[in-house]
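These protein sequence lines map, in sequence, to chains A and B. So in the working numbering, spot 31 of the first sequence is number 31, and the numbers just go up one at a time. So in the working numbering, spot 213 of the second sequence is number 213, and the numbers just go up one at a time.
Simulated from the structure, these hints should not be mistaken for lab results. Using N, Cα and C, we set each Cβ at its ideal position, and we do this for glycine too. Wrong hints could be hidden among the right ones.
Quick list of the computed label-pair ranges, beta carbon to beta carbon [to be verified]:
no.	chain 1	residue 1	chain 2	residue 2	range
1	B	Ala-46	A	Lys-31	50 to 56 Å
2	A	Gln-226	B	Asp-154	50 to 56 Å
3	B	Lys-202	A	Thr-80	26 to 32 Å
4	B	Asp-189	A	Asp-14	30 to 36 Å
5	A	Thr-214	B	Asp-206	51 to 57 Å
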Amino acid sequence: MTYQIVVCAGIVPDPLQTLEPVSTPAGPALKNETMLPHVLDPWAACSLYEAAHLAKQFAGSKVWLVSLAPKAKLQQVIMTVAQKAVFDLIALDAPSSGFTDSAAVAAILADAIASLPALDRSKLLVFGGWESASRSSGTTLQILGERLGIIEQFQGVDQIKVLENGALEILERAEGGCHQVSVCDGPPAILGWATGNLREPPNNPQVGMANMRTLMPALQRAKSTQLAAGNLAYQSATLPKQQRDTRIVKDLPAEDIARELAAWIRG
Amino acid sequence: MDDKILILAHTEPDGSLGKAALDAIETGRAFGGSLAVGLVGEKALALRGVPTVYVVEGPEFAQSRYASDAAAAEALCRATGATLVLAAGTSRWTRALPGVAQRLDGRIDSHVTAFDGGRATRWFYRQRIEAVLTRGERPWFLLLDAGLPYQSRDGEPRVERVSVALPPLRTRVTGIVAPKSEQQTIRPDADLLFVAGAGWTKKQKDGQTHVEEAGKLVLGFLAATRASLGSSKSLVDLSGEGQSVLPFLSHLNQIGQTGATPRHPKGLSTCCHGEEPHVVGWRFIQERRAVNLDPNCGWARGKADVLYVADAFEVIAKLNALLSA
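The shape of chain A in the complex, shown without the other chains (with noise of 0.2 Å):
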């Protein structure tokens, strides 16, 4: 039994950054996007993990990570991510905004996989994030999978267990801190991630020689791509308004802090 893993990943500022909206002719923007330090998106990087893992249970089986952002910050962040799982890059050169239309982003990354050579539709599973760190919707990965013609679809997964007959067992976020456990018959399936079960994995640099020699390449053949903005437009965008006025309560005894506290919760 082999896979043919693709996982979609796009980059985000890194989440320590202070983040400002700036309006432009396209719509609204970050500012001083190109120079905020930026990351693999959380979530998706959770979903490249769990790939790469799955992969190395199965002898024979293929991770690529696809990634939709601007080529020279992808450039600088997969010089990290490179070191934590064995993949080949798919590069696809485009803003990586969250103001962006996730359709847009879809259609592309559907176009992509579609034509990776050698795709094996049976083997097939797509791998993300449930949502990005941007745009935060939590859509793209069923449209992607609409396009792909793939209806087997599971969002906030926490876990995929490969059943003896081949069969996926899956593990769904349902509500109330509870799990939905489906079964599926095997690929293709479209699989987005919450944080799964594994730990980041540490540095390896042999890991990122051996990816290093393909993600150069695949960096400089990244096509720009122009994402359609369609109708949608954006009226306003702003950070919020609510700034507390923080009481600072020091020097008082647990106590009083405890009584204070027990009013508070029981009013």
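Start from chain A and add chain B according to the hints.
Chain B only, in chain A's frame:
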């Protein structure tokens, strides 16, 4: 407004309509006009107070599954000719409706917090930027994070049953994994969110860690208040790395950038520094208090209403005694 509105709702495993679905219906009612409700489930419900109810029912639709849910929603949208489709942002609809929008050559927006019939408000960059947008494409699907409080009304609706041509179903739902009720720490309807930060597992004044004591204090607080338990990413990551940490925490408890954004009237943070990636998950917590030893932590910078600079071990022990008395 010229749009034809369809509210999509699915039944819960017990056959009822969930609060989020009812609130979505109320939101649609506010627009008046040719409102229709599309119901999906094993068995149709008697819903009153709306003009028309379109029903897809059958045992295949009892399960929350992309292939059958998407087929049902597609059939309902085609039967009604809806141009605006509203639905609660449940895990079931969030999974299925983006694909339905694609099938109908429409567009979709999720996590919508306000909609006035033409303009939708939603958050970007994980609750860090709020934007108002419009779309010319139809049908336009909107997954609502919050709706208007449902009010039951009289009035027998016209009911139309819609048949669905299902594709071969290759997925079956085999169950739900839920913690035992006494171990369930995630309570979406709780009045209070209690966040346990990484500080609970760090060395204390005596130079030792007190993880067991921390666990008892946290569980004691939850038992006394029935609060929902959240955690910061660092604490969840520690448990993923097999370290001795609070054993009842999982990734599902995580709040923030790569976790949940729960809605509770109050939130109490303990032993957490209030860094931005965590605090973005507090966007919809109305009253916020924090207990932390660092007076310059993130909570002090306008993110909490009150910051108590104190030892959470001492405070929560006293607080538990008061609450249990």
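List in ascending order the numbers of the hints, as given earlier, that are violated by the structure.
none
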